[in-house]
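My request is simple: use the sequences and hints to build the entire structure.
The listed protein sequences derive, respectively, from chains Z and X.
Just so we're aligned: the first sequence equals residues 236 to 858 in the numbering used here.
Just so we're aligned: the second sequence equals residues 11 to 375 in the numbering used here.
Because the hints were derived from the structure by calculation, they are not lab data.
Source: prediction; values computed, not measured.
Positions of the beta carbon are idealized from the N, C-alpha and C atoms, including for glycine.
One should not assume that every hint holds.
[Unchecked claim] If you want a taste of the chain X side facing chain Z, the calculated C-beta under 7 Å gives, among others: (1) R138; (2) G141; (3) L184; (4) W191; (5) I242; (6) G248; (7) V305; (8) A313.
These are the residues of each chain, in order.
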Amino acid sequence: MMELNTQRMEDFKERSRYLKLFAGAAFLLLFVYLWHLQVIKGNDLRQLSENNRIRIREMVADRGMLLDRKGQILAHNRPSFEVFLVPEDIRSNPEALEKIGEILNLPQEEIDENIKGLKRRPAFRPVKLKSDIDWNRLAILESNRIHLPGILVDVRPRRAYQYDSLASHLIGYIGEVDENELRQAKEKTYRMGAMIGKHGVEREWEAQLKGTDGGRQIEVDALGREIKPLRSVEPFPGNNLFLTIDFDLQKAAEDAYQDKNGALIAMDPKTGRILAMVSKPSFDPSIFARGVSAEEWRALTDHPFNPLQNKGIQGQYPPGSVFKIVTAIAGLETGAITAQTQITCTGVFPYGNRDFRCWKEKGHGTLSLHQALVESCDTYFYQAGLKVGVDAIAHYAGELGLGRKTGIGLPHEKAGIVPSTSWKKKRFGVSWYSGETLSVAVGQGYLNATPLQLLILISAVANGGRLHLPQVVERVENIYGEKLKEYPSQETGRANISEKTLRVVQEALMGAVNEPRGTGYASALKQVKVAGKTGTAQVVRMAADFKKGDMNRMPIKFRDHAWFAAYAPFEDPQIAVVVLVEHGGYGGTAAAPIARKVIEKYFDLEASAPAKAEEASSDSVYD
Amino acid sequence: MIDRRLFIHFDWGLLGIVLLIVSIGILNLYSVTSNEETTGAPLYLKQVLWLAIGLGAMLVIAFVEYRFYTDFAYIAYAVAMVLLMLVLGYGIITSDAQRWVKVGPLTFQPSEFVKISFILALAKFFQRYPGREGYSLKHLAFPFFLLFLPMILILKQPHLGNAIILLLVFFSILVFVKVRWSSLITLGVIGVSILPLVWRFLKDYQKRRIITFFNPDLDPLGAGYQLIQSKIAVGSGGILGKGFMKGTQCKLGFLPEQHTDFIFSAIGEEWGLVGGFIVVGLYFLLILWGLRIAVGSKDRFGAIVCFGVAAMLFWHTFINISMVLGLMPVVGIPLPLLSYGGSFLISTLIGIGLLLNVSMRRYLF
Numbered sequence: 236m237m238e239l240n241t242q243r244m245e246d247f248k249e250r251s252r253y254l255k256l257f258a259g260a261a262f263l264l265l266f267v268y269l270w271h272l273q274v275i276k277g278n279d280l281r282q283l284s285e286n287n288r289i290r291i292r293e294m295v296a297d298r299g300m301l302l303d304r305k306g307q308i309l310a311h312n313r314p315s316f317e318v319f320l321v322p323e324d325i326r327s328n329p330e331a332l333e334k335i336g337e338i339l340n341l342p343q344e345e346i347d348e349n350i351k352g353l354k355r356r357p358a359f360r361p362v363k364l365k366s367d368i369d370w371n372r373l374a375i376l377e378s379n380r381i382h383l384p385g386i387l388v389d390v391r392p393r394r395a396y397q398y399d400s401l402a403s404h405l406i407g408y409i410g411e412v413d414e415n416e417l418r419q420a421k422e423k424t425y426r427m428g429a430m431i432g433k434h435g436v437e438r439e440w441e442a443q444l445k446g447t448d449g450g451r452q453i454e455v456d457a458l459g460r461e462i463k464p465l466r467s468v469e470p471f472p473g474n475n476l477f478l479t480i481d482f483d484l485q486k487a488a489e490d491a492y493q494d495k496n497g498a499l500i501a502m503d504p505k506t507g508r509i510l511a512m513v514s515k516p517s518f519d520p521s522i523f524a525r526g527v528s529a530e531e532w533r534a535l536t537d538h539p540f541n542p543l544q545n546k547g548i549q550g551q552y553p554p555g556s557v558f559k560i561v562t563a564i565a566g567l568e569t570g571a572i573t574a575q576t577q578i579t580c581t582g583v584f585p586y587g588n589r590d591f592r593c594w595k596e597k598g599h600g601t602l603s604l605h606q607a608l609v610e611s612c613d614t615y616f617y618q619a620g621l622k623v624g625v626d627a628i629a630h631y632a633g634e635l636g637l638g639r640k641t642g643i644g645l646p647h648e649k650a651g652i653v654p655s656t657s658w659k660k661k662r663f664g665v666s667w668y669s670g671e672t673l674s675v676a677v678g679q680g681y682l683n684a685t686p687l688q689l690l691i692l693i694s695a696v697a698n699g700g701r702l703h704l705p706q707v708v709e710r711v712e713n714i715y716g717e718k719l720k721e722y723p724s725q726e727t728g729r730a731n732i733s734e735k736t737l738r739v740v741q742e743a744l745m746g747a748v749n750e751p752r753g754t755g756y757a758s759a760l761k762q763v764k765v766a767g768k769t770g771t772a773q774v775v776r777m778a779a780d781f782k783k784g785d786m787n788r789m790p791i792k793f794r795d796h797a798w799f800a801a802y803a804p805f806e807d808p809q810i811a812v813v814v815l816v817e818h819g820g821y822g823g824t825a826a827a828p829i830a831r832k833v834i835e836k837y838f839d840l841e842a843s844a845p846a847k848a849e850e851a852s853s854d855s856v857y858d
Numbered sequence: 011m012i013d014r015r016l017f018i019h020f021d022w023g024l025l026g027i028v029l030l031i032v033s034i035g036i037l038n039l040y041s042v043t044s045n046e047e048t049t050g051a052p053l054y055l056k057q058v059l060w061l062a063i064g065l066g067a068m069l070v071i072a073f074v075e076y077r078f079y080t081d082f083a084y085i086a087y088a089v090a091m092v093l094l095m096l097v098l099g100y101g102i103i104t105s106d107a108q109r110w111v112k113v114g115p116l117t118f119q120p121s122e123f124v125k126i127s128f129i130l131a132l133a134k135f136f137q138r139y140p141g142r143e144g145y146s147l148k149h150l151a152f153p154f155f156l157l158f159l160p161m162i163l164i165l166k167q168p169h170l171g172n173a174i175i176l177l178l179v180f181f182s183i184l185v186f187v188k189v190r191w192s193s194l195i196t197l198g199v200i201g202v203s204i205l206p207l208v209w210r211f212l213k214d215y216q217k218r219r220i221i222t223f224f225n226p227d228l229d230p231l232g233a234g235y236q237l238i239q240s241k242i243a244v245g246s247g248g249i250l251g252k253g254f255m256k257g258t259q260c261k262l263g264f265l266p267e268q269h270t271d272f273i274f275s276a277i278g279e280e281w282g283l284v285g286g287f288i289v290v291g292l293y294f295l296l297i298l299w300g301l302r303i304a305v306g307s308k309d310r311f312g313a314i315v316c317f318g319v320a321a322m323l324f325w326h327t328f329i330n331i332s333m334v335l336g337l338m339p340v341v342g343i344p345l346p347l348l349s350y351g352g353s354f355l356i357s358t359l360i361g362i363g364l365l366l367n368v369s370m371r372r373y374l375f
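Put into structure tokens, the structure is as follows:
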């Protein structure tokens, strides 16, 4: 046994001889090279270490520009002068610190805070004192440079938005990268303090917009002045994005809102390209690029009308009478009603132990489906809804894109709610009451939709049932103008709705705008045939004794939201618009005129033919 | 209980070398981090705590009859693999990689312990005597499996340094256990020829990382900067060094990672050529000591374990110091017993415990 064992161990001895030799050679190499560095090159390296002033200066890449579809610049970069201090260089010289504070108009405490605020700052790493100083201060600083050791001025690109708050929700904003984002960043590297897209296109297209940062090794003298650059990596700018929006249309839409709140989106119904996207109130994205102050942030977040929310995709509202389009389609497709079905409206429809009221107190009399849509009669759709049933309504709402995200590719898009019997069972664990169907049939109750979803809906109606992916970016180009990516129109589905049904609805929408009794008469144009549907979304349930006209006396936050969804021209739709005016009251008076201005502007541009609408008499138009 | 002969044969020499190196390590860490303002306990104190735990673990490992580890080897390996998967699943994500697992208040890096369990598993496999001819390729399927599983998991974190160490320890052991030269050469050829294939499957940013790994000049702001500063630090030490606590390079923060991967540059700066020679010499002695224990072992398992530990110490030391001196690209491989970091210190001391274990049982059985 012992012999066998020794035999077996012999092999190890043999091989370990080679391995010892190998290890010996490796360590010999280390010894020799230590000798080389410390003895032969020792003096040189010691000298280098004594004036070790090699520093690293970052060079931030220009962020890609944002342009509208015609190449109008919306977001670009401008140079910003940033002042840094190397605290080690100034420790022995407190007067200099005072002088700096004086020039920059910075209290000493703030300077101290800046310096001490950074834990474990490597020595000689510059600390930022102030960014974006003006030319005057820069000139004073430069002329006093000799007395101010340790001060560095660096030029860095600063995000600038050409038209302040224009399309601020679509564009979004950028800000300093936070810890979460630092961890998640994989392909692109971010340094502490780097800027990153936080919202809107700036966020979703971050990978394209951010370029590649560079930097420089710089040798500086004892006063921190740069002697010579050693090696550098040049920054490479990000790519430019051409958005689908049209600057002039966007501007017209924003102006049309005046001081009202809400959302407007315009889209080419045949391609899904977004032509304008407004959310009001808006904000100025440039305040985030320079670092938003605590007060500014509080003012934005405490604002009662949520300026930071992109209401077009994040706001969920009852669609109101706009939803009658869906009820009508469901009725026609299931055969529950026909285009000829007549229903009489007396102004009130008693069902169960409740009175369901029509917006027109005196009643509409006897109506066909066409008239009911044109005049937006509630009673007609209460009864039609009962015949169709909530599940069929929910089915066709789904066919037209409600209840799910559109996939527009902007952050925080909401999906809305399309209620059905199974939805209610799942959500609340109780059965559906048929009385609730009545609310849904006129776009109230549990129903919720974003303005963008209603835009997809109206576009599908205009466009033979085709659903398109809404897109906000048309193409990506690099700084040399070479096209890197293009986003062709994308059809995401086709509503299973007959040609005949669509025709009936389309004609009714046409009537709602162009017939004098139509609720959307305020948006009628002479040169272009507009088709559309108004809507009024209740914020609170109307009291039983609510009188017409009381709306103006209600507190603003209880007033109804006004809707209008439209497309034009009727024969060959080129633009679809949805307008929401929060707490605006009635769709016909508050929302329709805004849509008209946008459509007017659009055709001004396209045909350059003057088109003046006659002032619609809107005093009798409400819903 | 414990055999009295164990104390007679206890390897005091090995313990002495190790204690000498860790003492230098603590002193050095104290010097390097003395002017850093950190929250909580100073780093050198934390390291003393880790050291105490590590020495305890070392002694426990040393006194348990090592044939017990034979039965335990594959289980230890399996546990280590589960921990690695946990890291990928629930690990704390530090700036660049997922390497840590948190258990109560402690965080540790399972990939450090994988190395030890990997050596144990290989030793268990190779303890069977292959005959005078040695192992050939067809015997190596299972060992390759043992290698690739942790390598893939560690690369996924990603921790290139530890994956490289696993690979190098693996091939060192293959040479030691007498895999035929012809098989080794075949393996080498296969390895080199599949490299371009692997390259094609890498993502762009991974390629970039590897390119700068081989040519730090392409990254003058990161790895390249570190290299220059490291060389200046070591070289400026001269023959006698600047003296304890008198180093400027490391103090002034020119060197990132100065207390972990680049700790040797501080030794070179403060203690000069004399200090450098002593430290490198101590490592050489430690590794030769390990090899001697391996060859003197009474059985194959003990021999292979000790050789594996010695190989691990060798590769870590050689690559780390070469990197600090600018002889090799910068890669995250710390210096055993000197670099700051609890997991690696403890796993190294566990390895030393195995050496002590085999050493003091060389006359038993």
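Structure-based check of each hint:
Taking 7 Å as the C-beta cut-off, the interface hint given for R138(X) is violated, the closest approach to chain Z being about 10 Å. Interface hint at G141(X): violated, since its Cβ lies 10 Å from the closest Cβ of chain Z, which is beyond the 7 Å cut-off. Hint on L184(X) is violated. Least Cβ distance to chain Z is approximately 10 Å, over the 7 Å limit. With a cut of 7 Å, the hint placing W191(X) at the interface with chain Z is violated, because the nearest CB-to-CB distance is about 10 Å.
The closest approach between the C-beta of I242(X) and any C-beta of chain Z is roughly 5 Å, which is under the 7 Å cut-off, so the hint is satisfied. With a least beta-carbon distance of about 4 Å to chain Z, the hint placing G248(X) at the interface is held under the 7 Å criterion. Nearest Cβ of chain Z to the Cβ of V305(X): about 5 Å, under the 7 Å cut. The hint holds. Hint status for A313(X) relative to chain Z: holds, with the closest Cβ pair at about 5 Å, below 7 Å.
Of the numbered hints given earlier, the model fails hints 1, 2, 3 and 4; all others are met.
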